[in-house]
Amino acid sequence: MNETFQLDGSAVPFEPGQTVMQAALAAGRYIPHLCYHPEFKPHGSCKLCTVKVNGRTVASCTMPAEGGLDVESEIEELNALRRSLVQMLFAEGNHFCPSCEKSGNCVLQALGYDLEVHATGFRHLYPDRPLDASHPDILLDFNRCILCELCVRASSEVDGKNVFALSGRGITKHLIVNAESGKLSDTNIALTDKAMQVCPVGVILPKRVGFSVSIGERRYDQRPISAQALDDAPRQTDASGNCAACEGTP
Amino acid sequence: MSKKLRVATTSLAGCFGCHMSILDIDERLFPLFDLIEFDRSPLTDIKHCGPCDIGLVEGGVCNAENVHVLHEFRKNCKILIAIGACAINGGLPAQRNHLDLGSCLTEVYLTEPGLLHGHIPNDPELPLPLDKVHPLHEVVKIDYFIPGCPPSADAIWKFLTDLIAGKTPELGHGLIKYD
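Chain order of the listed sequences is A and B. Heads up: the first sequence begins at 1 in the working numbering, then just goes up one per residue. Heads up: the second sequence begins at 1001 in the working numbering, then just goes up one per residue.
These aren't lab readings, by the way, just hints derived from the structure by calculation. Bear in mind that the values here come from a model prediction, so they are computed numbers and not experimental data. The beta carbon of each residue, even a glycine, is placed where N, CA and C say it ideally should be. Hints may contain errors.
With beta-carbon atoms standing in for the labels, derived distance ranges [unchecked claim]: (1) Glu180/A <-> Pro1127/B: 45 to 51 Å; (2) Ala165/A <-> Cys1104/B: 32 to 38 Å; (3) Ile1120/B <-> Lys41/A: 42 to 48 Å; (4) Asp1143/B <-> Gly68/A: 24 to 30 Å; (5) Leu1023/B <-> Glu15/A: 53 to 59 Å.
Construct the complete structure from the given sequences, taking the supplied hints into account.
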C-alpha cells in the first residue's frame, strides 16, 4: 500500500519522487495549473497551482509529495489568488479573445472561465508586440505570450533545437527566437516539432488551419478545464490495467 | 406588485452587438418587462439618464462624449454593469492602443493611397477621440461585468434575473465566454 497525503480532506496516494501535482492528477484530483505540463519538468513560475501545505503556500507542481502532508487547494482564499494571477496575465498582454483563433482551445481563457473571472479589474498595459509572420507555415503572435516557457522547454528538451528563449527581466521579459535575424523563418523549426503543440495560449500557431474547428465546438467549449485536464493526465492503473479514477471509461 | 426596476442602457465604443443580444432574450422579454422598465436606452430613444436601479453599458471609452455619457450613467445608476468584451477590456477598438493616434489619423485620412484632398475630420459636432481606448473600469467604478462578444442572451438573462432576485449573479460553464 502506498503512502498518502491529505488533499482537501481526503487521501491521495503517491509514489516516491512524485510531486503533489503529479500525485493529485494521477488520482483524478484537479489542481488548477498553467505552466505545468505532465510531459515536462515542473517550472514553478505561474503560481496558479499554489496550494497550502501544512498552512504554508507552495507551488504544488514543484512540491515533493510526502506522507501525512495536509494540502488545501479548493478554498476561496487560494481561488481568489488564482483569479488575480489570471487577471494580471490578461492585463499584461493583449488578449482579445474574440479575434484570437486559439479561443476555445486556450488554457488561460479556460482557467478564467473555471475561476469565474468576469473582468481583469486592472489597468491594461496594451504593449506593442509586433507579429512574426516570416515563416511560411507558422505564425508567432507575441501579444498573447504568458512566459510559461513551455515552448522553450519543448524545443530544447524534446526537439533538440533551442528555437525559443526568454530574454530580459521583470516587465521587459519577452519571448525571443534563436536566430541572428530574430526571425522564425531563419530557424529550423518544423510543424511536427513538440514546440508547436505545447503553447497554452495563442502565440505559436500553424498557418491556414485556425478555424478548421468552429468557435463553440472547441476543447474547452465542451468541458471545463477542470474536467479536461484530468483526461490529459497520466493515470495510475491497477494490476489489470484499469484506472480507478476513470470509473469504467476506456 | 412592487415598483418596477428602472434600467438604462447605452453603447459607447461598441457595435450594438450586445444590445442585439439583449433583444435575443426573445419571448423572455415579456416576463422581464414585468420586472423592469427602460429609462435612457437606444430602445426608448430617451436622451438623458434619470435615476435608475441598473445601468448596462456596452463598448469601451474612445472619445470625449463617451466619458460624459459614462459619468452620467455612474451618477444616476445604483448598479452599473459593463456588458461585453469592449466594455471590459476595450475590445476591437482598443486594437489601436499600441499605435499613436496622430499617425493613425494621418494614415487613414491623409497618406492612404487613393485619397484625393483628404483631411482629418474636424467638424465641431464630432467628439474628440481619446489617445487610448479605455475599459469602463478605468474611468468609473463598475459593479458587475458580463463578458462575451457578445454575451449570449442566456448569459444576459441569467445575470439579470439573478441580480433582480437579489442573488450574486453567477454564469458558470457554457455561459461565461470571452469570445
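Inset, instruction - Starting from the hint 32 to 38 Å, judge whether the C-beta atoms of Ala165/A and Cys1104/B obey it. - result: holds, 33 Å
Inset, instruction - Indicate whether the distance between the beta carbons of Glu180/A and Pro1127/B respects the range 45 to 51 Å. - result: holds, 48 Å
Legend entry - Ile1120/B paired with Lys41/A, Cβ distance criterion 42 to 48 Å: Hint violated: Cβ distance 55 Å, outside 42 to 48 Å.
Inset, instruction - Can you let me know if the beta-carbon spacing of Leu1023/B and Glu15/A is within 53 to 59 Å? - result: holds, 57 Å
Inset, instruction - Kindly confirm whether 24 to 30 Å is satisfied by the beta carbon distance between Asp1143/B and Gly68/A. - result: Check failed, 45 Å falls outside 24 to 30 Å.
Of the numbered hints given earlier, the model fails hints 3 and 4; all others are met.
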